[in-house]
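Undergrad: Chain by chain, the residues run as shown.
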Amino acid sequence: MSSLTFDPIRLPETCQALRREARAFLSEEIARGTFDPNNPRRGDSADGREFAKRVAAKGWIGMTWPKKYGGRERSFLERYVLTEEFRVANAPTGVYFTADRQSGPTIIRYGSEKIKADVLPRIVKGEIQFCIGMSEPGSGSDLFAAKTKATKTEGGYLINGTKIWTSNAHKSDYMIGLFRTSAPTKENRRHGLTSFLVPMKTKGITCNQITQMSGQREFNEVVFQDAFIPEDHVLGEIDGAWKQATTELAYERSGPERFLETYYVLTELVRAMGNNPDVRSAEGIGRLVAQLHTLRRMSVSVAGMLEAGKEPVVEASIVKDMGTLWEQALPGNARTLAAFIEQEPGNQMPLKKHLAYATKVAPKLTIQGGTTEVLRGIIARGLGLR
Amino acid sequence: MGESSIVVETAERIFADLCDPQTVNSAKDDTWKEALWKALTENGLTLPWVSEEHGGSGASLADGFELLSAAGRFAVPVPLAETMLAGWLLSQGGIVSPEGAMSVAPVQPKDKITLNADGTLSGRAQNIPFAREAQHFAVLAHGAKGVTIALVAAKDCRREDDENLAGEPADNLVFDKTTPLKTGSAPKDFDQTALMLMGCVARSLQIAGSLQYMLTRSVNYSQERVAFEKKISKFQAVQHNLAKLAGETAAAVAAAGSAAETVATGTPWNDETTFLEAAAAKIRCAEAAGTGSAIAHQVHGAIGFTKEYVLHRFSLRTLGWRDDFGNESYWAVELGNRVARRGADDLWPLVASR
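So the protein lines, in turn, are chains A and B. Position one of the first sequence corresponds to residue 1 (the numbering used here), numbered consecutively onward. Position one of the second sequence corresponds to residue 1 (the numbering used here), numbered consecutively onward.
Heads up, incomplete: computed chain A residues facing chain B, CB under 7 Å, no partners named:
| no. | residue |
| --- | --- |
| 1 | 4 |
| 2 | 8 |
| 3 | 275 |
| 4 | 279 |
| 5 | 285 |
| 6 | 298 |
| 7 | 322 |
| 8 | 385 |
No lab work stands behind these hints, which were simulated from the structure alone. Just so you know, even glycine gets a beta-carbon here, dropped at the ideal spot from N, CA and C.
With these hints in hand, go ahead and build the complete structure from the sequences.
TA: See the structure below:
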């Protein structure tokens, strides 16, 4: 037990060539005014749909997927490089990121051939956006308490109930949602949930936007009233969705987006400190960079292990646990280190603005996609404690 | 460094047989030490980084690094890492390694040893690990012609005894016109920073290994100890503490392993990524040492605080190793200054360079 493995994976030269290509592409996009790299509110300033299509034209959406669905069958490490470069540049990836990371792979694995042929090529072209329908008013971390019902009807299912905290539901074309098709059993409380592909234009679906404390308006309450979903939109086994979410979580949890969410604060901190920082500032920056480097090495390592066909579920949970805590603490750490920087009157430094935004975003980072508490439970299980 | 090499398998067998932590902890005298050292020497494990013609066993850097991780997992209480590093340093100067235990000087980045015009050495090197038990020292000195590596007999320098947190020798050495047995010029681009970075990698691997042991020991203990009528491993607060310990261990393993791989694949010492990897490993492993040891002790309660229980052999060494070859504050300042000189927009390219 407790043999944690983090192979020291190096990115092959093909990845570094791709990195150069990505940087050139992003510079062009910035030059043409698609987005502002100094604005961490990704998507606010930008036309994400048009951007997604140009990313797609490079072959960079669904790039690891089978060629027959429009993918390029490239490696997971190559995707990793693009993800980190786009994230650090504050590029507006919102349109395709969810579909590329998890919805597409779920469909590839569990969708019918007809659904795959219909939906996947459109993701790859950057034409459609996905959201994830998991949480409900009475069910967040406790996924298996979900109550929103899918009732069998002629040719399909009728959905009734409410999903909540659904990011970008109002802009999405599809949701992959978890709905109750049977009651849980005494032996298995996880039984009875089924995964569905839900076209968001379906009659009976209403999205109500919820404003977040950061001012963002990504969240939604999604209400289903007799929304009809055709039978062939079921993804995987009826009542057996709980079996479907193991390895995928490793992909979802260990990516660079799990520690780079507030990276812009570190960049601006270094800028504000200048080339000749005092000892206190230098030490602070040095520690932060050492911690960041270590997280990245861990994350690249997990990506490499996934690419090699291993299932580093515990390692991936560790990366998300530590990565999200680090990116969450970064604004506070930067604030402390910046306390003695001389501020020119009337010269509003970008750091101050970035700090304010990051501080307001920070609380959600250890909640979305599995809370710290849930992750520690998974790690504890991996250690053989439960 | 995936599959264990024969070097590491041999070492682990020797460690398990001759320096089982519990046995060593209960030993009444030091007789185990002699048997252990003899076995390590006979199997060529003390000089893996010295070629056969220079008196060593000519193993790869990667194998030697794995050996150091294993030594960390057993909290090996003899100057193995020190002799390995000394042999490696002597080889940089083309000097044949003598038999017996060695240590290396300096181990503090700011200590400077001078090679005088008359060929003698002057200067002070603080907290040299296992100096008392070493017959020779490999010394990095600065002279008129640049960096020189010197082999010095232990009896030829003055020693002031001191110790580290675990009570192991960490003596101060004074070179007062000391005549070395041999000297050799260091290769181009090899300097004291290179020695410190190599030391950082070694200590990081030992810390990571020791944390792995502490994690396993703490998990096992939590499943043995009953309180409030259940195993303490069943309490969520304890589980979360152990999950945090696993995280710190994972960070140390990843950082140390990554730095070791960087050095083992021959990245030049003056390369920016070598500096980032080795310094970051030392910083992060030292942080993990502090947080991790504290959790291991917390999980163990009072028993972990006793001399008779084995935990202190790991926790105190782990904490002590933070101070060798530059502590985490020193490296953080150095790294922070380098990052600042590169500028904000060149930070990401550095981090993403490998």
